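Asks: Listed here are the chains, written in short residue letters.
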Amino acid sequence: MDFFVGHYNYWIFVFLMMLGFYVVVARGNLVKKIIGLNIFQASVFLLYISIGKVFGGTAPIIIEGAGGSPVTYSNPLPHVLILTAIVVGVATTALGLSLVIRINEAYGTIEEDEISEMDLEP
Amino acid sequence: MRHHIILRVVAKLSIPFIMLYALYVQFHGDFGPGGGFQAGVIFGAAFILYALIFGLDNALKVAPMNVVTFFISIGLLLYAGVGVAALFYGGQFLDYGVLASDSVSGQHLGILLVELGVGITVAAVMIAIFFTFADRGR
Amino acid sequence: MINIVLLAFLAIISLAIVRIRNLFAVVMLGGIYSLLMASIFVILDAVDVAFTEVAVGAGISTILMLGTLALTTSREKIPMHTPLLPLIVTFITGAMLVYGTWDIPAFGDASAPANLHVAPYYLERSMVETGVPNVVTAVLASYRGYDTLGELTVIFTAGIGVLLLLGRRRETPASASEQKVAASGGTGRSDPGKETASDDGGSASKGSAT
Chain F
0 MDFFVGHYNY
10 WIFVFLMMLG
20 FYVVVARGNL
30 VKKIIGLNIF
40 QASVFLLYIS
50 IGKVFGGTAP
60 IIIEGAGGSP
70 VTYSNPLPHV
80 LILTAIVVGV
90 ATTALGLSLV
100 IRINEAYGTI
110 EEDEISEMDL
120 EP
Chain W
0 MRHHIILRVV
10 AKLSIPFIML
20 YALYVQFHGD
30 FGPGGGFQAG
40 VIFGAAFILY
50 ALIFGLDNAL
60 KVAPMNVVTF
70 FISIGLLLYA
80 GVGVAALFYG
90 GQFLDYGVLA
100 SDSVSGQHLG
110 ILLVELGVGI
120 TVAAVMIAIF
130 FTFADRGR
Chain H
0 MINIVLLAFL
10 AIISLAIVRI
20 RNLFAVVMLG
30 GIYSLLMASI
40 FVILDAVDVA
50 FTEVAVGAGI
60 STILMLGTLA
70 LTTSREKIPM
80 HTPLLPLIVT
90 FITGAMLVYG
100 TWDIPAFGDA
110 SAPANLHVAP
120 YYLERSMVET
130 GVPNVVTAVL
140 ASYRGYDTLG
150 ELTVIFTAGI
160 GVLLLLGRRR
170 ETPASASEQK
180 VAASGGTGRS
190 DPGKETASDD
200 GGSASKGSAT
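Top line first, the protein sequences correspond to chains F, W and H.
Counting from 0, one number per residue, gives the positions in the first sequence under numbering that gives the first Met the number 0.
Counting from 0, one number per residue, gives the positions in the second sequence under numbering that gives the first Met the number 0.
Counting from 0, one number per residue, gives the positions in the third sequence under numbering that gives the first Met the number 0.
These are calculated hints, taken from the structure and not from any lab test.
Certain hints may be false.
[As the list claims (entries may be wrong)] Computed footprint of chain F on chain W, listed as stretches where at least three residues anywhere in the stretch have a Cβ under 8 angstroms from a Cβ of chain F:
| # | segment |
| --- | --- |
| 1 | 13-25 |
| 2 | 124-135 |
[Claimed, not checked] Across the chosen pairs, the derived CB separations fall in these ranges:
| # | chain 1 | residue 1 | chain 2 | residue 2 | range |
| --- | --- | --- | --- | --- | --- |
| 3 | F | E104 | W | S72 | 36 to 42 angstroms |
| 4 | H | A24 | W | V8 | 47 to 53 angstroms |
| 5 | W | V9 | H | L83 | 32 to 38 angstroms |
| 6 | W | M64 | F | E104 | 19 to 25 angstroms |
Here the structure is a predicted model, which is why all the values come from computation and not from measurement.
Glycine included, every Cβ here is placed at the ideal spot set by N, Cα and C.
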């Protein structure tokens, strides 16, 4: 039971990750693929941040403890990594969306199977 | 959007406060949550709100594309410039301790300048991307 | 313990994003997903990350996707066949990941290896060496400043990339199809007269579109 209580949030994040992965792999609409990629990335961020949480800790901003007692903080290192990852994720999304706009102007559609049909015809 | 008077008045009232909040987040990133990225995005959001309510032509008069492109490069140059300035003062690349008289105030100055560079570039990139997307549809 | 209600909302919204075919509704649900993620980040004591996630996810990402939907269609096509192979691949990957989480230390453990290596050093020494109370800013800008320079370069590259892809005046569909026909007619034939004719046609249509 302790094992389940300590681990169930990782399993929920794996479930969200698989939902995003399914959207990227199974759906043909390009904008929906990009949204699925965002869901995938977001659940990976949740997994990392939940690894860094410490029970009884607070946000990693140094404050004076009450009467000089030591204060426990949560681990700041995953926060730094995920901050970088979020910003890189939005940069990737912006570039992907501009590519989708160009594809739409060139082919007239954003469904993947119609685009590959148009590419295969002589 | 010209005849939506509530939207116009509320936008006119709130855009200066959005920019002020972005400046607050930028410079208080040392003492609370915040920093360069968040401040840059909020500052860009103020310009995007102006472009949504008052039209892209007015927004391009306020922030022309070549000025925005200039600011994209300036932030990155500021960050790399702080690193190279540390080289000139005798330390290693991005070693902020040599920038001032003692090590702690040098670190403080270095972090301030670096976060400013990050904020400028992120704000300019958000504005440039939105203006480019909106311009494509005209 | 993370709030069960928030996690349940996240799972329901993700399922709705998979199933709904109206892309406008999907983009709005994506914004709500980002807001819920930021709430979970606050519960997990990651205030900087929550700030960035809400500004970037519910703000910029939603705006850009709405802009893309304005320039393209806004409904997804009905899938023709049930995708059996992607479902199987997803299940297998999920099972392997759950097997991988079997050995992760329990949630919130203060003696987990992730919390023992450099994190205590940063927490103790950041106030002494940099004088900045926010440890995340100190690590981001000073201890790991080189990584932040790389991240700034990534944002710079994304901005330049979007400006290059979408910066020029768009071609009208007539001139675009004319260029496609000329290009497909020109390849495979090494006749210089034909190629210069197609080049002239392409540049003339570009000149009329700008």
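Asks: All hints, please: hold or fail.
Replies: Hint by hint, here is what the structure shows:
1. 13-25: That given contact is violated, which follows from only 0 residues of the segment 13-25 of chain W lying within Cβ reach (below 8 angstroms) of chain F.
2. 124-135: Coverage by chain F holds for the segment 124-135 of chain W (4 residues, Cβ < 8 angstroms).
3. F:E104 with W:S72: 36 to 42 angstroms: violated, 28 angstroms
4. H:A24 with W:V8: 47 to 53 angstroms: For A24 of chain H and V8 of chain W the Cβ distance comes to about 30 angstroms; the hint is violated.
5. W:V9 with H:L83: 32 to 38 angstroms: Since the Cβ atoms of V9 of chain W and L83 of chain H sit about 51 angstroms apart, the hinted range of 32 to 38 angstroms is violated.
6. W:M64 with F:E104: 19 to 25 angstroms: holds, 20 angstroms
In summary, the structure is inconsistent with hints 1, 3, 4, 5 from the numbered list given earlier, while agreeing with the others.
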